[in-house]
Structure formats: structure tokens, C-alpha cells
Amino acid sequence: MLSASPAIADTPAPAGAIIETIRHGALDLKARHVRPPGAGLDTIILVHDTLGGFESTLITELQTALAAEGLSTLAINLSLGVSARMTAFECNERHRHRHEDALEEIDAWADWLLGEGLGPVALVGHGRGGAQIAWYLAKTGGRHVNAAVLLAPSGWTPRSADMEYRARYTNGIAALLTRIASFKPDDYIDNVPFLHCGSVVATRASINSYYGVEPKRDAPTALANVKTPVLALLPDPLSDNDDVTKRLSAVKNQFVSVRPIPGAGAQFSSDALPVVVKAIEAYLQSLQPTGN
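One gets this note's numbering by counting positions in the sequence shown from 1 and adding 136 to each.
It is worth saying that the hints were derived from the structure and are not from the lab.
If you're wondering where the values come from, they're calculated on a predicted model, not measured in any experiment.
Among the hints, a few may not be true.
[To be verified] Once the Cα atoms are required to be at most 30 Å apart in a straight line, the calculated DSSO-like pairs of lysine-lysine come out as:
hint, residue 1, residue 2
1, K414, K388
2, K320, K382
3, K363, K414
4, K382, K363
5, K388, K352
6, K382, K352
7, K320, K414
8, K363, K388
9, K352, K320
10, K320, K388
11, K275, K414
12, K382, K275
13, K320, K275
14, K414, K382
15, K363, K352
[Stated by the list, open to error] Across the chosen pairs, the derived CB separations fall in these ranges:
hint, residue 1, residue 2, range
16, R230, A360, 29 to 39 Å
17, A303, E350, 19 to 29 Å
18, L250, A360, 37 to 47 Å
19, N327, S393, 42 to 52 Å
20, G348, A418, 34 to 44 Å
21, S406, G176, 18 to 28 Å
22, K320, Q390, 21 to 31 Å
23, R295, E252, 38 to 48 Å
24, R302, D372, 41 to 51 Å
25, P396, T147, 19 to 29 Å
26, D298, S393, 28 to 38 Å
Here a beta-carbon is modelled for each residue, glycine too, at the ideal position from N, C-alpha and C.
Kindly produce the complete structure, drawing on both the sequences and the hints.
In C-alpha cells form, the structure reads like this:
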């Protein structure tokens, strides 16, 4: 599933949104917090796709639509190694972020919400954000969250990753990893074909994080081991080569449910948003104890 540059919203931020800041190691983390009038303490953390942020079209529209249903949300910006990051990460910046950095940052925000008395906490992630949530749940046991909804979460296998990389950049991943093998983890390397960006400057550690062998980057693999309720919302109809979606549909885990969203597409267009919001709301409500 090829990642694309996330679209930036033309629509304004949701009404009543405030920017929250927490300290995480040497970085300030930023998030957009919306608590509509009359909302309860339950809060949904929204996690964006590759190099995106809370200004992306999907996250902005989703946060606004969930607020209209009376649901509180915290749309986080993964730092991507940049303190106080407020906008999408541009390809011409120097890349030292790692895919797995998201796990600690998601945990930090969930912990902060609970410390503020806001919970239970649920997670909703799109694309790579969904895969990062899946890995987070498998690694932590979902210690700070009660549920998750994943929108077209990304996957990884050696074969599919290499095919996608060759489709975009001609040469395979093996050639890339051979080229960077002599560098130290924090060394910056020029002219690296990377994610959807074309040629970038990136550290060896960052490149390895996204292209080295790591099955836990694969949402279907991670979801096989989670013990937190998860709903995966998948594009429908499937493309003939959509290996990730087919493998998600085949996950055997009592905690994982799968639902196709007709006409959604991998980017979950605005037309599909009402169905997505209702699915999220109904799923989270179904997990409430009887009588709530």
C-alpha cells in the first residue's frame, strides 16, 4: 500500500479547539484538543498518517465530525524528531525520525489524558498511524487505552515493501540497505529515496526504521497478538493487489473485528466520513458496560 503525501485541510480547525503541549524527553509534543459542550470524560486520540499532522484533511474533518456527535478528541502531532511540531513534516527537512518513535509518544499522550482525569481513552489511527497503534497495543498490552479503531492501517512484508519501493524508485530496498550499511546510526546520508518524498537527507537509523526487516511494522502481524478490542475499517472494494487489506481480513483474534467501508478508498474520502464516524461511535458504545 503506497503512502501518499497527506492532504492539508482547507477547512478551519474544529470549533473550540485548543493546543495542548507536553514534555517528552527533550521534545515538546503538540496536540489539538476538542471537548464539545456536554461531552463526557471519554477521549479519543487521533493519530495521523505518514509525515502528516492534525492539520491534514482527514484528521481535521474527522475531529470536527466526532465533535458534532459529542465525542472529545485529542489529535496529536507525532514529533518526527521536531520539538513543538505544528505543521506537516516537509520532505526537504532532515529526517531522523523512526517509525517506532510513535509508540512512546502515543503512550505519553494517553498517560497525560488519564492524569488530567480524561478517560477512558480510545485510539483512532489512519494508515501508518493505524499500524503504529497496532504495534503499540501489541507491545504494551494497551495499558492506557480501552479500544482502538484503525482506518486502512498500513502493513509490511519483505516482498510487498520491495515491490512498492521498486514501483516508486526502480531500485529495490536491498540496494538501499547495502548503500547505507557502512554509516553510523546517526550519520546523515544524502540523496536517499525515502517514503513518498523522492530524494531526502536522512540518518541511517531513520532509513533502517522504515525499510529494515521488522515484522512488527505490519498491522496484521501486530493485531494477531493484541488483547485490546480493535476495529479495523477497510477500503471496499479491494484492489487486486491490496495484500494488506486481505491479510487484515484474515486475522484470527477474538479482540479484532473488521468492517469494510464501501467507497472509502485508502485515504477515506469526505464522502465516506459519515459512515466512518458512525462506525467509530457505535463500536465504542458497544464496549461500554451495560447500563451506560
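Comparing the hints with the structure gives:
1. A threshold of 30 Å between alpha carbons decides the hint, and for K414 with K388 the separation of about 25 Å falls inside it, so the pair holds.
2. Between the alpha carbons of K320 and K382 the distance comes to roughly 37 Å, so the proposed pair goes past 30 Å and is violated.
3. In summary, the hint linking K363 to K414 is supported, as the alpha carbons are separated by about 24 Å, within the 30 Å threshold.
4. For the suggested pair K382 and K363, the alpha carbons sit about 21 Å apart, so the restraint of at most 30 Å is met.
5. Of the supplied pair hints, the one linking K388 and K352 holds, its CA atoms being roughly 16 Å apart against a limit of 30 Å.
6. Of the supplied pair hints, the one linking K382 and K352 holds, its CA atoms being roughly 17 Å apart against a limit of 30 Å.
7. Straight-line distance between C-alpha atoms of K320 and K414 comes to about 48 Å, which puts the hinted pair past the 30 Å bound.
8. Under the criterion of a C-alpha separation no larger than 30 Å, the hint pairing K363 with K388 is consistent with the structure, at around 12 Å.
9. A C-alpha spacing of about 23 Å is found between K352 and K320, which places the hinted pair at or below 30 Å, so the restraint holds.
10. Our distance criterion of 30 Å between C-alpha atoms is broken by K320 and K388, whose separation comes to about 40 Å.
11. Between K275 and K414 the CA atoms are separated by roughly 29 Å; this keeps the pair inside 30 Å, and the hint holds.
12. Distance check on the hinted pair: K382 and K275 sit about 23 Å apart at the alpha-carbon level, within 30 Å; holds.
13. In summary, the hint linking K320 to K275 is supported, as the alpha carbons are separated by about 27 Å, within the 30 Å threshold.
14. Among the hinted pairs, K414 with K382 is consistent with the structure: their alpha-carbon atoms are about 23 Å apart, no more than 30 Å.
15. Between the alpha carbons of K363 and K352 the distance comes to roughly 15 Å, so the proposed pair stays at or under 30 Å and holds.
16. Checked against the hint of 29 to 39 Å, the pair R230 and A360 passes, with Cβ atoms roughly 35 Å apart.
17. In this structure, A303 and E350 meet the distance hint of 19 to 29 Å, their C-beta atoms being roughly 21 Å apart.
18. For the hinted restraint 37 to 47 Å between L250 and A360, the CB-CB distance of approximately 27 Å leaves it violated.
19. The hint said 42 to 52 Å for the Cβ distance between N327 and S393, and at roughly 44 Å that hint holds.
20. Between G348 and A418 the C-beta distance comes to about 39 Å, which sits within the given range of 34 to 44 Å.
21. Hint check: S406 to G176, Cβ distance near 27 Å, so the stated range 18 to 28 Å holds.
22. A C-beta distance of roughly 44 Å is found between K320 and Q390, which places it outside the suggested range of 21 to 31 Å.
23. Taken as a hint, the range 38 to 48 Å holds for the pair R295 and E252, whose Cβ atoms sit roughly 44 Å apart.
24. A hinted range of 41 to 51 Å is violated for the C-beta pair R302 and D372, which are about 27 Å apart.
25. Between P396 and T147 the beta carbons are some 27 Å apart, a value that agrees with the proposed interval 19 to 29 Å.
26. Between D298 and S393 the beta carbon distance is about 31 Å. The supplied range of 28 to 38 Å therefore holds.
In summary, the numbered hints that this structure violates are 2, 7, 10, 18, 22, 24.
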